[in-house]
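Undergrad: Given next are the chains, with one letter for each unit.
2 protein chains.
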Amino acid sequence: MKARVSVMLKTGVLDPQGEAIRHALGALGFDGVDGVRQGKVIELDLADGTTEDRIREMCDKLLANTVIENYQIEIL
Amino acid sequence: MKARVSVMLKTGVLDPQGEAIRHALGALGFDGVDGVRQGKVIELDLADGTTEDRIREMCDKLLANTVIENYQIEIL
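Line by line, the protein sequences give chains A and B. The numbers in the working numbering rise by one with no breaks, and the one at position 38 of the first sequence is 67. The numbers in the working numbering rise by one with no breaks, and the one at position 1 of the second sequence is 30.
Please note: incorrect hints may appear among the correct ones.
Pairs involving identical chains hold if they fit within one copy or between any two copies, as the list cannot separate such chains.
Unchecked claim - Subject to a maximum C-alpha distance of 25 Å in a straight line, what follows is the list of computed SDA-like cross-link-like pairs (lysine to any residue): (1) K69 to F59; (2) K31 to H52; (3) K31 to T79; (4) K39 to E86; (5) K31 to F59; (6) K90 to G61; (7) K31 to L57; (8) K90 to H52; (9) K69 to T79; (10) K90 to R51; (11) K31 to D44; (12) K31 to L54; (13) K90 to T79; (14) K31 to R83; (15) K39 to G58; (16) K69 to R33; (17) K39 to E72; (18) K39 to A76; (19) K31 to G61; (20) K31 to G41; (21) K39 to G61.
No lab work stands behind these hints, which were simulated from the structure alone.
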């Protein structure tokens, strides 16, 4: 089975990388870009029957820093 | 409007970061993780009416390196 975990910085946490992208898009002539946030996406190829709770545990222990990041799990 | 762009390395392109995560998950006792790929997710806050073609242009010009990366656009 496959799962996708998206990890984004929490609202209010400064995101210089996203800000740099917003700036660069403006410089390239793309107007109307009001905000950009960059995060990580991690695609996991897991043994069948792995529960969402188990994936949540992976996120809490390794994949996300829950002090500053939110994560979202999708089973594909 | 909001859009989410996911950028992943193409199949066959070495992903040392994903490999490091796979290794670390194993070391933490998470068995059955057969593969991990890490990519980027970019959330864009755009002016209403921005077309998907325009976002595709942003991807081709800046957000993704289309030689080694695939991207996927979702309008939220």
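Undergrad: All hints, please: hold or fail.
TA: Results for each hint:
For a Cα distance limit of 25 Å, the shortest separation of K69 from F59 qualifies both inside one copy, at 23 Å, and across copies, at 20 Å. Taking the shortest Cα distances, K31 and H52 sit within 25 Å of each other only across copies (17 Å), while inside one copy they are farther apart (35 Å). Taking the shortest Cα distances, K31 and T79 sit within 25 Å of each other inside one copy (10 Å), while across copies they are farther apart (32 Å). Only within a single protomer do K39 and E86 lie at most 25 Å apart by alpha-carbon distance; the minimum there is 19 Å, versus 28 Å between protomers.
Proximity of K31 and F59 under a CA criterion of 25 Å is satisfied inter-copy only: 15 Å between copies versus 35 Å inside one chain copy. For the identical chains of this complex, K90 and G61 are inter-copy neighbours only, at 16 Å across copies versus 38 Å inside a copy, given an alpha-carbon limit of 25 Å. In this assembly of identical chains, K31 and L57 lie within 25 Å of each other by CA distance solely across copies; the values are 20 Å between and 36 Å within a copy. Within a single copy, K90 and H52 get their C-alpha atoms only as close as 33 Å, which misses the 25 Å cut-off; across copies the closest is 14 Å, which meets it.
Within a single copy, K69 and T79 get their C-alpha atoms as close as 22 Å, and across copies as close as 24 Å, so both meet the 25 Å cut-off. Taking CA atoms no more than 25 Å apart as the test, K90 paired with R51 passes between copies only; the shortest distance there is 13 Å, against 31 Å inside one copy. With identical chains, the CA atoms of K31 and D44 are at most 25 Å apart between copies only, with a shortest distance of 17 Å across copies and 29 Å within one. Within a single copy, K31 and L54 get their C-alpha atoms only as close as 33 Å, which misses the 25 Å cut-off; across copies the closest is 15 Å, which meets it.
When the C-alpha separation of K90 and T79 is checked against a cutoff of 25 Å, the pair qualifies only within one copy, where the shortest distance is 16 Å, while the shortest distance between copies is 38 Å. When the C-alpha separation of K31 and R83 is checked against a cutoff of 25 Å, the pair qualifies only within one copy, where the shortest distance is 13 Å, while the shortest distance between copies is 30 Å. In this homomeric assembly, K39 and G58 never come within 25 Å of each other (Cα to Cα): the closest approach is 28 Å inside a single copy and 28 Å across copies. Taking the closest pair of Cα atoms, K69 and R33 come within 25 Å of each other both inside a single copy (10 Å) and across two copies (12 Å).
In this homomeric assembly, K39 and E72 come within 25 Å of each other (Cα to Cα) both inside a single copy, at 20 Å, and across copies, at 13 Å. In this assembly of identical chains, the alpha carbons of K39 and A76 lie at most 25 Å apart only when taken from different copies (22 Å versus 30 Å within one copy). Taking the shortest Cα distances, K31 and G61 sit within 25 Å of each other only across copies (12 Å), while inside one copy they are farther apart (35 Å). In this assembly of identical chains, the alpha carbons of K31 and G41 lie at most 25 Å apart only when taken from different copies (18 Å versus 31 Å within one copy).
In this homomeric assembly, K39 and G61 come within 25 Å of each other (Cα to Cα) only inside a single copy, at 23 Å, whereas the closest approach across copies is 30 Å.
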